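Keeping the supplied structure of chain Y fixed, place chain D upon it in accordance with the hints.
2 protein chains.
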Amino acid sequence: MVDALKCLLCACVVCCVGVTEALLQHRRLSPYNPRLLNPLRDGFSYRTLNFTQNVDHFGFRNTDQFQQRYLVADQFWNHDNGPIFFYTGNEGDIAWICNNTGFLWDIAPEFKALLVFAEHRYYGQSLPYGSESYANTSVLDYLTSEQALADYAELIRHIKQTTPGTANSPVIVFGGSYGGMLAAWMRLKYPSLVLGALASSAPVWQFEGLTPCGGFYSQIQQIYESVSPQCVDNMATTWLAVMGCWPNDLDFLTKTFSLCKPLEIKLDLGTLMDWITTVLVNMATVNYPYPASFMEPLPAWPVQEFCRDLKTPLTGKPLLEAVAKGMKMYFNCTGQAACLNMTKHATDYFGDRGWHYQTCTELVMPMCSNNTKMFYDIPLHWDMYVYSFFCHAALGVSPRENWISLQYWGKEIKSASNIIFSNGLLDPLAQGGVLETLSPSLIAIQIPMAAQQLDLRGENPADPPDVRAAREQEKNILTNWLYGWNQE
Amino acid sequence: MVDALKCLLCACVVCCVGVTEALLQHRRLSPYNPRLLNPLRDGFSYRTLNFTQNVDHFGFRNTDQFQQRYLVADQFWNHDNGPIFFYTGNEGDIAWICNNTGFLWDIAPEFKALLVFAEHRYYGQSLPYGSESYANTSVLDYLTSEQALADYAELIRHIKQTTPGTANSPVIVFGGSYGGMLAAWMRLKYPSLVLGALASSAPVWQFEGLTPCGGFYSQIQQIYESVSPQCVDNMATTWLAVMGCWPNDLDFLTKTFSLCKPLEIKLDLGTLMDWITTVLVNMATVNYPYPASFMEPLPAWPVQEFCRDLKTPLTGKPLLEAVAKGMKMYFNCTGQAACLNMTKHATDYFGDRGWHYQTCTELVMPMCSNNTKMFYDIPLHWDMYVYSFFCHAALGVSPRENWISLQYWGKEIKSASNIIFSNGLLDPLAQGGVLETLSPSLIAIQIPMAAQQLDLRGENPADPPDVRAAREQEKNILTNWLYGWNQE
Numbered sequence: 001m002v003d004a005l006k007c008l009l010c011a012c013v014v015c016c017v018g019v020t021e022a023l024l025q026h027r028r029l030s031p032y033n034p035r036l037l038n039p040l041r042d043g044f045s046y047r048t049l050n051f052t053q054n055v056d057h058f059g060f061r062n063t064d065q066f067q068q069r070y071l072v073a074d075q076f077w078n079h080d081n082g083p084i085f086f087y088t089g090n091e092g093d094i095a096w097i098c099n100n101t102g103f104l105w106d107i108a109p110e111f112k113a114l115l116v117f118a119e120h121r122y123y124g125q126s127l128p129y130g131s132e133s134y135a136n137t138s139v140l141d142y143l144t145s146e147q148a149l150a151d152y153a154e155l156i157r158h159i160k161q162t163t164p165g166t167a168n169s170p171v172i173v174f175g176g177s178y179g180g181m182l183a184a185w186m187r188l189k190y191p192s193l194v195l196g197a198l199a200s201s202a203p204v205w206q207f208e209g210l211t212p213c214g215g216f217y218s219q220i221q222q223i224y225e226s227v228s229p230q231c232v233d234n235m236a237t238t239w240l241a242v243m244g245c246w247p248n249d250l251d252f253l254t255k256t257f258s259l260c261k262p263l264e265i266k267l268d269l270g271t272l273m274d275w276i277t278t279v280l281v282n283m284a285t286v287n288y289p290y291p292a293s294f295m296e297p298l299p300a301w302p303v304q305e306f307c308r309d310l311k312t313p314l315t316g317k318p319l320l321e322a323v324a325k326g327m328k329m330y331f332n333c334t335g336q337a338a339c340l341n342m343t344k345h346a347t348d349y350f351g352d353r354g355w356h357y358q359t360c361t362e363l364v365m366p367m368c369s370n371n372t373k374m375f376y377d378i379p380l381h382w383d384m385y386v387y388s389f390f391c392h393a394a395l396g397v398s399p400r401e402n403w404i405s406l407q408y409w410g411k412e413i414k415s416a417s418n419i420i421f422s423n424g425l426l427d428p429l430a431q432g433g434v435l436e437t438l439s440p441s442l443i444a445i446q447i448p449m450a451a452q453q454l455d456l457r458g459e460n461p462a463d464p465p466d467v468r469a470a471r472e473q474e475k476n477i478l479t480n481w482l483y484g485w486n487q488e
Numbered sequence: 001m002v003d004a005l006k007c008l009l010c011a012c013v014v015c016c017v018g019v020t021e022a023l024l025q026h027r028r029l030s031p032y033n034p035r036l037l038n039p040l041r042d043g044f045s046y047r048t049l050n051f052t053q054n055v056d057h058f059g060f061r062n063t064d065q066f067q068q069r070y071l072v073a074d075q076f077w078n079h080d081n082g083p084i085f086f087y088t089g090n091e092g093d094i095a096w097i098c099n100n101t102g103f104l105w106d107i108a109p110e111f112k113a114l115l116v117f118a119e120h121r122y123y124g125q126s127l128p129y130g131s132e133s134y135a136n137t138s139v140l141d142y143l144t145s146e147q148a149l150a151d152y153a154e155l156i157r158h159i160k161q162t163t164p165g166t167a168n169s170p171v172i173v174f175g176g177s178y179g180g181m182l183a184a185w186m187r188l189k190y191p192s193l194v195l196g197a198l199a200s201s202a203p204v205w206q207f208e209g210l211t212p213c214g215g216f217y218s219q220i221q222q223i224y225e226s227v228s229p230q231c232v233d234n235m236a237t238t239w240l241a242v243m244g245c246w247p248n249d250l251d252f253l254t255k256t257f258s259l260c261k262p263l264e265i266k267l268d269l270g271t272l273m274d275w276i277t278t279v280l281v282n283m284a285t286v287n288y289p290y291p292a293s294f295m296e297p298l299p300a301w302p303v304q305e306f307c308r309d310l311k312t313p314l315t316g317k318p319l320l321e322a323v324a325k326g327m328k329m330y331f332n333c334t335g336q337a338a339c340l341n342m343t344k345h346a347t348d349y350f351g352d353r354g355w356h357y358q359t360c361t362e363l364v365m366p367m368c369s370n371n372t373k374m375f376y377d378i379p380l381h382w383d384m385y386v387y388s389f390f391c392h393a394a395l396g397v398s399p400r401e402n403w404i405s406l407q408y409w410g411k412e413i414k415s416a417s418n419i420i421f422s423n424g425l426l427d428p429l430a431q432g433g434v435l436e437t438l439s440p441s442l443i444a445i446q447i448p449m450a451a452q453q454l455d456l457r458g459e460n461p462a463d464p465p466d467v468r469a470a471r472e473q474e475k476n477i478l479t480n481w482l483y484g485w486n487q488e
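Residue numbers (the working numbering), protein chains in the order written: chain Y, 1 to 488; chain D, 1 to 488.
Chain Y extracted, bound-state conformation (with noise of 0.2 Å):
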C-alpha cells in the first residue's frame, strides 16, 4: 500500500501499473495460498461430470449457459440416502483441489458418505466464456461468490432429482479458506438445502468494519519470531540492503536470487521486495509439520528451514546471500528449477486473474501493520480510496468494501445454525475467522499448532495430536447432525 502511495505520487503509467500488479500479487497470494494442498494420492478415484449452469442467475436478459465441472465419487456411498459431502469449491481447479482435500476421502468409508467436489465458475475448466471469460468486465460480471452459491445450490438439486438413492440424502458442505467461506454462506443463505458446513481456515470476518486489519502481518512476525526472534530481525535490515543495492548492484542480486530475467532499474524494486514478502507469507500460512508437496515440494516447518541461515547478525550482502538461500529453498527444495521467476506466483492451477478480480469486487479483505518489522512498507496503511484506484487502473472494477458483511451478515450470525468453524491458529488469517463458539451448533474449534486447513489435509503420521483431536471434534459433530436428520 505504502508502494501505491508512492506510485501515485510519482505519477508514472509503466511504474504504476508494475507496482499495482504486484500490489494484487502479493494480497492475492497472502490469505489463498493453494500450495497447501495435499498432492495426489493413490485410490482417489472419481468420475468427471459435467452440468449446464446459467450464466446468470440473478437476471433474465443473458440467457448464456455454460458447463460446470464437478466430480463424483460414489464407492464409499451408501446408495440408500447415504449423506452427501459437498466441497464448495474456491479459486482454483477442482481436480486438484479434489486430490488434494484429503480428510474428505478419509472418513467417506466410515460415512458412507457420496463425495461431490464441485468446481466455482471461472476456475478451473468451468469458465463461462471459454478462453474469453477473463476479456473484459462484461464477461467477468458474472464471477461474484452468490453466483458461486447458487450454482452450488442449483447443482445439489440436480444431483437429488437426478440420482436414485439421494432425495432423503442429508448434505453436509466443506470447504477451506474462501471455500470455507462458501461453505458457511451455503448454510446461511441456502439452509434448505444443506443440513451443515465444515469450514476451515475461512476469515469470514476479514471484512471491513469486522476485525482490526493489523493481525494479519503481527500474526506473520509472531511465527517467524517463534522460530527465531534474530531472523526477523535480519529480515527487518533486508529490505535496506536490497535498497542498498539499486541501482548499481543489479548484477549481483539478479545471481544471488538465481532470477530468470535480469532486474530492470525502473520496474523490479517494489517487483523483488513484494516477491520476497509473499515467500515470507505463503511460508507462514503453508508452515506445516511435514513435507508437503505444493507447486514446489516444502521440507517439514519450511518457516523453520527458511531461518536456518538467518539466526545471527548480518548485513549488506552476506545478509542478502542467506536470504536468497531461503528463497531457493522455498521456489526449488528438490533442485529442479534452473532459475527463479518473479512474476510467477502459484501452480497454474490456481486461479490467479479470477481472485485478482474478486479481491478487487467482492472480496476486500483490509490488512494494514503499525508494527511489524520484519516487513519493509512499515506502517502499511489501509487506504480504501488507494486501493479502489489501483482496482479500478488494473481491472477496471471498483471495490465495494461494505457488501460482504452486509450479503453474508457480518457478526450477527447467532440466528443460523450447524457450522463448524475450525481454524489453526498458526494461520495468519485465522484472526478474521470465527474463533469462539456462538451457540450450541455454531462451534469454533482453534486448533493450536495447525497452519491454513490443516484439518482438511489427509492424515499424516507427523500430525500433531491438535488436529488429530479436531478431526475427532468434526467427525463427531457430523455424526450427531446426522442423527438429527435421521431421527426427523
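Because the hints were derived from the structure by calculation, they are not lab data.
Just so you know, not all the hints are guaranteed correct.
Note that the list lumps identical chains together, so a pair holds whenever it fits in one copy or between two copies.
[Stated by the list, open to error] Dumping the calculated SDA-like pairs for lysine to any residue here, alpha-carbon to alpha-carbon at most 20 Å:
1) Lys475 / Glu412
2) Lys325 / Ala300
3) Lys475 / Ala108
4) Lys411 / His356
5) Lys414 / Glu488
6) Lys414 / Leu442
7) Lys411 / Asn486
8) Lys373 / Pro212
9) Lys414 / Pro440
10) Lys255 / Gly130
11) Lys414 / Trp481
12) Lys411 / Arg157
13) Lys475 / Leu49
14) Lys475 / Asp106
15) Lys414 / Ser439
16) Lys311 / Lys373
17) Lys328 / Glu305
18) Lys373 / Asn480
19) Lys411 / Gly484
20) Lys160 / Leu406
21) Lys414 / Asn486
22) Lys160 / Glu401
23) Lys160 / Glu412
24) Lys160 / Gly209
25) Lys414 / Arg157
26) Lys112 / Ser415
Bear in mind that the values here come from a model prediction, so they are computed numbers and not experimental data.
Just chain D now, with coordinates in the frame of chain Y:
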C-alpha cells in the same frame, strides 16, 4: 391458458398478442390486486426521502445508481432505540401503499415505533432509468426480488448508520401479498438486519412444485357459491351467452356493458371474457365486510352485491344484462365513470408493466382448474411451455419456474425463525400461503372471515372479530420479539 393454446392453433399474430396481453393481465391481477388497500386517511404524516442505490447489487460492470424513495414517520418513535417498523414495498407507488396500510399507523404509538415505508425498485418514483426503465430487457434486467431485498438491506443499514438513536433499534419488516413475501424473505436472507417479519397474505408457496395449481380458482368459486349457488350457475352459462352474441350482436354487448370502445370481431372475444373473469377474481380477493375505496369505491361484501341480480336462473340477454350490472357496480359504483374500459384494470399507482415482467421471470405462480364451472376456460391447464412461449413473445424473457423455490427455501423453512404468516381464508391465494404453524417462532394465523391483507388495513368498526383477534395476536408476538431483543 386455454386461450393461449387456442392462440397457438389459430396462428394469428394479432390474436396472439391480444390474448397474450389478456393472459398476462389476468394473471397479474388475480393474485395482487392493489385495490384492496385503504384510502388515504387523515393524520398520516411522513417525510419523503431518497437513498442512492446501486442499480446492480450482484455485478460490478454496471455502476449506475438511482434514487430509491422511502417514507419516514417518526412522530410516534422513542428516539432512544425504539423499534423500526419497516414496510418492504411491493409492486406499486409507496405513498399509496403507505396511506393504505393502516395497521402500522394504528400500532406505531403503542410500540413507539419509527415507521419506514420503502419503495420497490421499478415502481412508483423509484425508477432506475427514469421513463426509460421499461424500455427493453437490458434496463429491466435489475427488476428482481433479490435486487429489491438488497435495496432494503442497504437502506436499513443506512438508516441505522445515519439516524441517531437507531443503532440498537430492532427492525421488524412488514408486507402484504408480494410485499409479504419480501418481508418473509428478508428474514430468511438477512436475519442479521431484521428481528422478525409479519408476512400478511403472502403466497410464498404458490410456486412450482410446492402447492397444487388448482386451489386458486376453486376457492374463488366457493366464495361465490357461499353467497349464491345460482350466481355461480349463471356465470357458468354467461360465457356461452357472450359467444352467442358473436359476431352479430356486438352492438348489444358494447351498449350493455357501457364499453368506451366498440367491440371488434377479431380482437375482443378473449379480451371481454378475460375482463369479466378478472373482475370476478378481484371481487373475491377484496371481498371486505365494509365499503372500501379502491380505484373505484366498492360497497361492503362486493361479491354479494355482484350476485344480487344473479340469484335466479337466467339465460341469453337478460343474463348478460345482470352480469353487466354487476360489472358496473364494480367499476362505477359511485356513478362517476361515463363508460368502462376493458384495457384498464387497476389504478395508475399500481405497476402493471413491472408486475408483468416479474411474473414472466422469477415469480411464476402456476394456476389451473379442472372443476370450476364458473370460469369459461375449463379445463384450465397449466402448461409451462405455453406460459414461457407467451412471456417470450410479449416481453422477450423466459421465466425460470423453479428459481424461487430454490432461492427462498421452498417448504424447508424450519431453520428460519420469527415470521408470522397471516392469511385471510377468504383470500383465493391463501392456499399458497403458510397456513400451519411450523415452530414456536414460525407462526401461522388463519383469519376465516378475512379477504386478502385485511389484517394490515386500519381498524374499522365493521371488522369481524377474527380479524381483530388476529391483530391482537400479531401485536402480542411483536411484543414478545421485542422483549426478547431487549433482554439480550
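Going down the list of hints, with the structure as the test:
no., hint, result
1, Lys475 / Glu412, "neither (26 Å within a copy, 25 Å between copies)"
2, Lys325 / Ala300, "within (17 Å within a copy, 90 Å between copies)"
3, Lys475 / Ala108, "within (11 Å within a copy, 49 Å between copies)"
4, Lys411 / His356, "neither (25 Å within a copy, 38 Å between copies)"
5, Lys414 / Glu488, "between (23 Å within a copy, 12 Å between copies)"
6, Lys414 / Leu442, "both (8 Å within a copy, 17 Å between copies)"
7, Lys411 / Asn486, "between (31 Å within a copy, 18 Å between copies)"
8, Lys373 / Pro212, "within (18 Å within a copy, 67 Å between copies)"
9, Lys414 / Pro440, "both (10 Å within a copy, 17 Å between copies)"
10, Lys255 / Gly130, "neither (40 Å within a copy, 63 Å between copies)"
11, Lys414 / Trp481, "both (18 Å within a copy, 15 Å between copies)"
12, Lys411 / Arg157, "between (29 Å within a copy, 14 Å between copies)"
13, Lys475 / Leu49, "neither (28 Å within a copy, 52 Å between copies)"
14, Lys475 / Asp106, "within (11 Å within a copy, 53 Å between copies)"
15, Lys414 / Ser439, "both (7 Å within a copy, 18 Å between copies)"
16, Lys311 / Lys373, "within (16 Å within a copy, 92 Å between copies)"
17, Lys328 / Glu305, "within (11 Å within a copy, 90 Å between copies)"
18, Lys373 / Asn480, "neither (46 Å within a copy, 53 Å between copies)"
19, Lys411 / Gly484, "between (27 Å within a copy, 19 Å between copies)"
20, Lys160 / Leu406, "between (31 Å within a copy, 13 Å between copies)"
21, Lys414 / Asn486, "between (24 Å within a copy, 16 Å between copies)"
22, Lys160 / Glu401, "between (36 Å within a copy, 18 Å between copies)"
23, Lys160 / Glu412, "between (31 Å within a copy, 15 Å between copies)"
24, Lys160 / Gly209, "between (39 Å within a copy, 15 Å between copies)"
25, Lys414 / Arg157, "between (27 Å within a copy, 18 Å between copies)"
26, Lys112 / Ser415, "neither (30 Å within a copy, 26 Å between copies)"
When the structure is compared with the earlier hints, violations turn up for hints 1, 4, 10, 13, 18 and 26 and for no others.
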